[in-house]
Amino acid sequence: MTQTEMAISTRGEHDRDDGDAGAEWLVVAGQECRDLWTSGRGLVLLICFSVLLSAITYLTSTNQALNFLEQREAVNLVLQYAVAVGSLLTLVVAADGISGERERSTLESLLVTPVSRRAIIAGKLAAGLSLWLGAFVVSVPYVWVLERGLGIFGRALTIGLLIGTLVAFGLGSIGLLISAASTSNKTSLAASVFLLLVLFAPTQLPSGLPQGWFFDVLELGNPVASGLRYISGGLVAAHSWDRDLSFLVSPLVVALVAGTALFWLSPRLVRLTPAGRPA
Amino acid sequence: MRRRLVFGVVMLLIWFGCGPAAAAPAVEVSVKPAQAAAVLGDRLTISTRITNPRNVVTGPLLAHLNIASLQEGVYVDPEDWSSERSQYLSIQPGSEQTLSWEIQAVSAGRFAVYVVVLSSGTTAAGADGPAVSPMVKLDVAPRATLTAGGALPVVLVVPILLGAIALALRVRIRSKARRRT
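Here the protein sequences come in this chain order: A and B. Take 1 as the starting number for the first sequence in this note's numbering and just add one per residue. Take 1001 as the starting number for the second sequence in this note's numbering and just add one per residue.
To be clear, the hints were calculated from the coordinates, so they are not data collected in a lab. Just so we're clear, the structure is a prediction, and the values are computed from it rather than from any experiment. Among the clues, some could well be false.
Here are the in silico distance ranges between beta carbons for each label pair [said to hold, decoys possible]:
hint: 1; chain 1: A; residue 1: Phe214; chain 2: B; residue 2: Tyr1088; range: 19 to 27 Å
hint: 2; chain 1: A; residue 1: Leu133; chain 2: B; residue 2: Arg1043; range: 43 to 51 Å
hint: 3; chain 1: B; residue 1: Ala1168; chain 2: A; residue 2: Ala261; range: 34 to 42 Å
hint: 4; chain 1: A; residue 1: Arg41; chain 2: B; residue 2: Tyr1088; range: 39 to 47 Å
Per the computed footprint, the stretches of chain B lying under chain A, defined by three or more beta-carbons under 8 Å from a beta-carbon of chain A, are [as the list claims (entries may be wrong)]:
hint: 5; region: 1067-1076
hint: 6; region: 1169-1180
For each residue, glycine too, the CB sits at the ideal point set by N, CA and C.
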């Protein structure tokens, strides 16, 4: 057993009786957020995100084919992009969380710090979610300019924040699980992006396609597609908050299952090598 | 001679009376509301009541929603107004059925919205005339929607502002690093 492994072993003991985990995860989250935002990585991602939203907003406001439809549809389109891309950013940052630290050889120093592994996981997840929150803040002016005169600004932001946070939490948790299980950062990022593409594929199916029970099951079981559908129902069709609750089941289940698994398994996930592999 | 003339006239009347052009619709269709006003982009629901006054079941029927522009030069594509414009039904003798149609006003102008009911299925024949509802007169007012000019400040300012923050942050970090060295 190396010195670091001994330190990890000590941390494992610490995990079982940590009484100060509440403060620890805040310390880790603060450090992770500083790394993310002051290094410029977070801001660069947000600049790219804002360029994307600018292009969509400009096209929506100039293109007659979109313009003639409805303002609500335009607000819905931008909010859906904000939630989808914001979740992608969270997933990408989370997928780098553990495998990236391993590759940069910074995990060892993190493991010898006096914080529990649950706190490390919670802090990394919080940093990933901070990117989603940043994306949400960036999307606010776009929603405002597209919504002008409709009176759905508050409603759009509330739905977007709730659904986006739920989806980002679920995907961020999955990203960290993938990252912990991956042997390299490349594998982790590739697997996460592939997962996201799989989840987004059903949302891109043409609306004219015949939709039967299989499509309904596919949509209801997909946290991203369901979340986006809930946003559409609330904004475009002006459904009440409790009308499309069935679309919230899969985002909630994914967030609960992935979040619980992440925190339950965290002592075994934060290791120098993926679980089940020799050091 | 007179009898023959009367007989001939009666036969002619029967012939024209029973001809294909005179096939009476088997159902009666009414619509609510009779007229409506909306703003571009609004969604509204139109309700039709289809009654079978006869003492036999109607057989399979197709109710189809249609939208026509009452203004020359205003283009209407009914598919844009409603994605579900056909409903199939069958009505028992003396009964009625109410159908709802959700439409979205996607063009400004004056429009007629109406429903036709046709016999459907394998027994439908060309002689079966459609039953047409009275029209709903729909006035759609235009709305100043999005304009490129209105969106331009936000479209340009947000990325530039973020870029400026990123640049300022980088400059600050570099100057701090220089001070340390």
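| query | Hint by hint, which ones does this structure get wrong, listed from lowest number up? | reply | Going through the list in order, the structure violates hints 2, 4, 5 and respects the others.
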